[in-house]
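Given the sequences, and given the hints that come with them, work out the whole structure.
Chains A and B, in that order, are what the protein sequence lines are. With the first letter of the first sequence counted as 1, position 331 gets the number 331 in our numbering; the numbers rise by one all the way through. With the first letter of the second sequence counted as 1, position 79 gets the number 79 in our numbering; the numbers rise by one all the way through.
Some hints here could point you the wrong way.
To be verified - Dumping the calculated DSS-like pairs for lysine-lysine here, alpha-carbon to alpha-carbon at most 27 Å:
| id | chain 1 | residue 1 | chain 2 | residue 2 |
| --- | --- | --- | --- | --- |
| 1 | A | K14 | B | K113 |
| 2 | A | K128 | B | K5 |
| 3 | A | K368 | B | K85 |
| 4 | B | K85 | A | K93 |
| 5 | B | K113 | A | K81 |
| 6 | A | K109 | B | K13 |
| 7 | B | K38 | A | K228 |
| 8 | A | K109 | B | K18 |
| 9 | A | K124 | B | K17 |
| 10 | B | K113 | A | K314 |
| 11 | B | K18 | A | K314 |
| 12 | A | K16 | B | K113 |
| 13 | A | K2 | B | K113 |
| 14 | A | K295 | A | K436 |
| 15 | A | K128 | B | K13 |
| 16 | A | K133 | B | K5 |
Unchecked claim - Covered, in the sense of this in silico footprint (three residues per stretch, anywhere, with C-beta under 8 Å from a C-beta of chain B), are these stretches of chain A:
| id | segment |
| --- | --- |
| 17 | 29-39 |
| 18 | 106-116 |
| 19 | 184-192 |
| 20 | 342-353 |
What the hints assert, rightly or not - Among chain A residues calculated to face chain B with C-beta under 7 Å, some are:
| id | residue |
| --- | --- |
| 21 | D42 |
| 22 | C102 |
| 23 | Y119 |
| 24 | G237 |
The hints are simulated quantities; they were obtained by calculation from the structure and are not laboratory data. Just so it is clear, the structure is predicted and the values come from calculations on it, not from any experiment. C-beta atoms are modelled at their ideal positions from N, C-alpha and C, and glycine is treated no differently.
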Amino acid sequence: MKIILIKDTGPTEKTKIIYDLFNALLRDAGMHADYQVVRAADIGIYGKGVVVKIFPGDIVYQNVQEDDVNNIIDTTLKQNKPIKDLRLDFQNKQIRIVLRNCGVIDPEKIDDYIGQDGYQGIKKVLQKFDPEKVIDEMKTSGLRGRGGGGFPTWMKWNFARGVEMDQKYIICNADEGDPGAYMDRSVLEGDPHSVLEGMMIAGYTVGASKGYLYIRAEYPLAIERCQKAIDQARVYGFLGENILGCGFNFDLDIRLGAGAFVCGEETALIASIEGKRGCPQPRPPYPSIKGLWGKPTVINNVETLANVPVILHKGGAWFSKIGSETSKGTKVFALTGKVQNSSLIEVPMGITLREIVFDIGGGVLDNKKIKAIQTGGPSGGVVPEDLFDTPVDYENLLKLGSIMGSGGMIVMDEDDCMIDISKFYLGFCVEESCGKCAPCRIGGTQLLNILTDISEGKATMSDLDRLTKISSAMQKASLCGLGQSAANPVLSTLKFFKKEYHGHIVEKTCQAGKCSGLFKYEIIQKKCKRCGLCQRNCPVGAIPGDKDKGYLIEQEKCIRCGRCFDVCKFEAVAR
Amino acid sequence: MSSSKVNIDEIKKNINKKSGDWIKVGMSTCGIAAGADKVLEKFQEEKERRNLDIRLEKCGCAGMCYAEPLVEIRVKGMPQVVYGKVDAKVVVEIIDRHVLRKQLLDDHIYNIKVQ
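So, in structure tokens, the structure goes:
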């Protein structure tokens, strides 16, 4: 069957016009029985006017106008020739390695996973590789920890392998807690066996016979599917004793996190599994040397482990061809915030933020002006729009004062206030701080106090110095990653959006209209058409007046919700 | 070396031999939150009511959260299509048009894979 797929990806909303035109002209040409003309909901291309895809074949046309339709029918459909001027060279920017099976297989059926080359990695390893060779392969691949730190995975494994001990452990860290991040949840819910297989390979390599999947209790479906996967793997003999008849023993259990963010930190996570309070411990010794119950323990993130079976099956060299110089492979991001397509994406390292937001995310919501993108959650920072052409990898993001993090990516537009954002993330860390060390416990609270003062217009310029000082003390002296990185959102907004801080402190204004004490709504009488829409929409009755006298906002009553500002069609409400 | 409990390659061969038409509904947290469980139920109901020879399957999140619930469908003689923003009404349309009359639906296609 031949298909003509149509979608207006620009602002003109011409999908229906071109669609009708194709139908009419095909009927005139007597060809309408051979073609199905269809309007797409999404064609995977953005900002290229009317896009027309013709199947079968690989022809994609962009900016198609009414006049072009006849030409397309004559030249392409009848004579099978492409039209150069309209052609769009389109390449899918996503590569699926970690998410290879998500949305493809039934996660509750082990056979489905096996059908997609599942358990081929462990089979190859057990039958053909000694642990040394696995380490070599992992080294060649260049895989680095996807939980955020970016430590080379092979090195972690090698440390644990090097310690002589009766028992060793593999832990999968699935305590995903960054606001707006759901990469690990999707992998565990969509393809749990890939994580199990990754853990088995890690176990064989370091000499561990026991593993724990540490999943946060807030992910009930992920827990259920992982448990099913473990049960099935046991039945098939992939877990237990003498796996695949190769003399390797390995078994797995699930441990639940009780909702503490800090338990994503590896030493706190270990304490939690041991049944202790989830508090971090000073490192060294690192868990690879002395971890769970004092034994060598490898802790890898869900995404890291999901990469492992593919690397072993297809080879480290294959994997290392994807990505940038220092960061190999792909990264899964949860793209959210003020973006058209909130989605879970997997892209090769080295892709730019601009490509992510505009080519995959479809651009900003409601045609607002984009301001920044937040990466790395509460430990990360913001990257302003003028730096969106930076290729995404561990080093580049670090240079910008942010981090790769586990993969949360939140798009922010002109309505987002950077002080408000810092306050949110810092507030999160203050709430989640375990309270064990003073720099994090006291420093965080003090930082938050200062930020609150700024947002209420009560701060002075000298407070900015205090912000920097306390932040740097926290970075240097905190016990674990939570405290060390809690100030990152503050520092990075201060670096790139100092103007906004000045605005709040000196001019006492919040341009974005988020800090409620620092702005007010007013009706510009000259522009007001007296339609009364603002009055009808005000939830607190703060807009008295009528069609004859006009309207006025009573500042004492106004709660600064912005409804009037949003609903006014004549831009007669000023902020 | 003793033999293992199952033969991976055998299972792989068998599962990939499976042919016929299928419908997959994305049933991860994101899909279920958007109503995927009701969509799956509706498909089940329609399948039984009309006695259709089509496999109904569950899968994980395909990544297009903005278009959940997502349904992927393969029917002989048609390209493999991903439909998004599916509800009970669209389910009936998919069966009526896509499955029975081999016509694509307007305004719900998010991806087409032509083999």
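Going through the hints against the structure:
Restraint check for K14(A) and K113(B): satisfied, since their Cα atoms lie roughly 24 Å apart, inside the 27 Å limit. A C-alpha spacing of about 19 Å is found between K128(A) and K5(B), which places the hinted pair at or below 27 Å, so the restraint holds. Taking the CA atoms of K368(A) and K85(B), the gap is about 24 Å. The hint holds against a cut of 27 Å. Taken as a hint, the K85(B) and K93(A) pair is honoured in the structure, with Cα atoms around 23 Å apart against an allowance of 27 Å.
For the suggested pair K113(B) and K81(A), the alpha carbons sit about 22 Å apart, so the restraint of at most 27 Å is met. A hinted pair counts as satisfied when its Cα atoms are at most 27 Å apart, and K109(A) with K13(B) qualifies at roughly 15 Å. For the suggested pair K38(B) and K228(A), the alpha carbons sit about 23 Å apart, so the restraint of at most 27 Å is met. Restraint check for K109(A) and K18(B): satisfied, since their Cα atoms lie roughly 14 Å apart, inside the 27 Å limit.
Among the hinted pairs, K124(A) with K17(B) is consistent with the structure: their alpha-carbon atoms are about 23 Å apart, no more than 27 Å. In summary, the hint linking K113(B) to K314(A) is supported, as the alpha carbons are separated by about 25 Å, within the 27 Å threshold. With a CA separation close to 25 Å, the supplied pair K18(B) and K314(A) stays within the 27 Å bound. Using a Cα cut-off of 27 Å, the hinted pair K16(A) and K113(B) holds, with the two alpha carbons roughly 23 Å apart.
As the CA atoms of K2(A) and K113(B) are separated by approximately 13 Å, the hinted pair is consistent with the 27 Å bound. Distance hint between K295(A) and K436(A) is fulfilled; the C-alpha atoms sit about 24 Å from each other, no more than 27 Å. Taken as a hint, the K128(A) and K13(B) pair is honoured in the structure, with Cα atoms around 22 Å apart against an allowance of 27 Å. Distance restraint check for K133(A) and K5(B): the Cα-Cα separation of roughly 26 Å lies within the 27 Å cut-off, and the hinted pair is therefore satisfied.
Look at the segment 29-39 of chain A against chain B: 3 of its residues bring a Cβ nearer than 8 Å to a Cβ of that chain, three or more, so the hint holds. With 7 residues bearing a CB less than 8 Å from a CB of chain B, the segment 106-116 of chain A meets the requirement of three and the coverage assertion stands. Evaluation of the coverage hint for the segment 184-192 of chain A: fulfilled, as 5 residues show C-beta separations to chain B shorter than 8 Å, against a requirement of three. With 5 residues carrying a beta carbon less than 8 Å from a beta carbon of chain B, the segment 342-353 of chain A meets the three-residue requirement, and the given coverage holds.
Given the 7 Å rule on beta carbons, the hint for D42(A) holds: about 5 Å separates it from the nearest Cβ of chain B. Below 7 Å, beta-carbon pairs count as interface contacts, and C102(A) has one with chain B at about 4 Å; its hint therefore holds. Nearest Cβ of chain B to the Cβ of Y119(A): about 5 Å, under the 7 Å cut. The hint holds. Proximity of G237(A) to chain B holds as hinted, the smallest CB-CB distance being about 3 Å (cut-off 7 Å).
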